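These protein sequences, in sequence, are chains A and B.
The numbering of the first sequence is our numbering, which starts it at 98 and goes up by one.
The numbering of the second sequence is our numbering, which starts it at 20 and goes up by one.
These are computed hints drawn from the structure, not numbers from a lab.
On a predicted model such as this, the values are computed, not experimentally measured, just so you know.
Backbone N, C-alpha and C fix where the C-beta goes; we use that ideal spot for every residue, glycine too.
Possibly wrong hints are sitting among the right ones.
Unchecked claim - Pairwise CB distance ranges (calculated):
1. B:H99 / A:F106: 44 to 50 Å
2. B:E88 / A:S173: 53 to 59 Å
3. B:G81 / A:E185: 38 to 44 Å
4. B:E65 / A:S272: 32 to 38 Å
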Amino acid sequence: MAGFWPFRFLERLRKLRAHMRAERVNEIARRYLIMNAFDGALSILSVIASAYFVGATDPRIIVAIGLANCMAMGISGFTGTFMTERAERMRRLRELESVMLTDLSESDFNKVSLVAPIYVAFIDGIAPVLAALISLTPLFVAIFLPVDAILAIQVAIVLNLATLFSLGAFLGRVSRTNVAISGLKMVIIGLITALICMIFKAV
Amino acid sequence: MAEPPKPQLRKLVLDVLKPHEPSVVELGKALSELRAVRSVSITLSEVDVATENVRVVVEGNGLNYEDIEKVMKRFGAAIHSIDEVMYSVP
Numbered sequence: 098m099a100g101f102w103p104f105r106f107l108e109r110l111r112k113l114r115a116h117m118r119a120e121r122v123n124e125i126a127r128r129y130l131i132m133n134a135f136d137g138a139l140s141i142l143s144v145i146a147s148a149y150f151v152g153a154t155d156p157r158i159i160v161a162i163g164l165a166n167c168m169a170m171g172i173s174g175f176t177g178t179f180m181t182e183r184a185e186r187m188r189r190l191r192e193l194e195s196v197m198l199t200d201l202s203e204s205d206f207n208k209v210s211l212v213a214p215i216y217v218a219f220i221d222g223i224a225p226v227l228a229a230l231i232s233l234t235p236l237f238v239a240i241f242l243p244v245d246a247i248l249a250i251q252v253a254i255v256l257n258l259a260t261l262f263s264l265g266a267f268l269g270r271v272s273r274t275n276v277a278i279s280g281l282k283m284v285i286i287g288l289i290t291a292l293i294c295m296i297f298k299a300v
Numbered sequence: 020m021a022e023p024p025k026p027q028l029r030k031l032v033l034d035v036l037k038p039h040e041p042s043v044v045e046l047g048k049a050l051s052e053l054r055a056v057r058s059v060s061i062t063l064s065e066v067d068v069a070t071e072n073v074r075v076v077v078e079g080n081g082l083n084y085e086d087i088e089k090v091m092k093r094f095g096a097a098i099h100s101i102d103e104v105m106y107s108v109p
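If we strip away everything but chain A, and leave its shape as in the complex, we get:
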């Protein structure tokens, strides 16, 4: 059983854990998770709010634009982060090699310099997609079920603000400050974004 490749792969990952911890990979992933989920939630809020204010209330249009937006954010998140993180890791590996005066290509640092960027890039790519999909759920429902489109949009905006609040609350927990205030700050940023969308509509 232990020779079966998924088990071997998991065992390898387990061995890399110490190095991942040493390189603070989880901390970086957490930062990217919040940053990009926030990105995703805000941009989908602007799509939904703009559509609502302009009067394009067909859920199909909003979902199509929203999904395309999600995909673009996911792909840009993954590739951008992978390339940036990989470059940073390679630089760190070279620095460590020059300090240790040895070749580290056989060490786990070398493996981590590939695994960590993939892991962080995956988180970075999936975070905006998930955050945006949460807000799009009522509109999906409105496509397939006889639900009022305006109501679906309103629920979507409320869900979006709830997502922003949760992200803020999570940040509040990470920084050990007031969870509610931190969540409300994010909601206010969301409301300002919606307000800007409304102003654009007036223009």
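Use these hints to put chain B onto chain A, whose structure you have.
Frame of chain A, contents of chain B only:
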């Protein structure tokens, strides 16, 4: 007549240069997970900006030096010298 038992590697004392991270706790754990290892002791002897010198004592019954060397390489550590080796008949 039965062959006399072969002496086996029982103790190794190494002078090792390693990066600060992963810590000696992680290195000790990885070494202790190797086959035939009974005890591992790591003592810090010198600290530099990015590296540290440690004295690693591995004891067991039938140690495999290549395995120990592999773990050191995995952790990006360099064995500077082998300070003590003990072989004995089990």
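Tested hints:
| no. | hint | in the structure |
| --- | --- | --- |
| 1 | B:H99 / A:F106: 44 to 50 Å | violated, 34 Å |
| 2 | B:E88 / A:S173: 53 to 59 Å | violated, 43 Å |
| 3 | B:G81 / A:E185: 38 to 44 Å | holds, 43 Å |
| 4 | B:E65 / A:S272: 32 to 38 Å | holds, 37 Å |
In this structure, the earlier hints numbered 1, 2 are contradicted, and the remaining ones agree with it.
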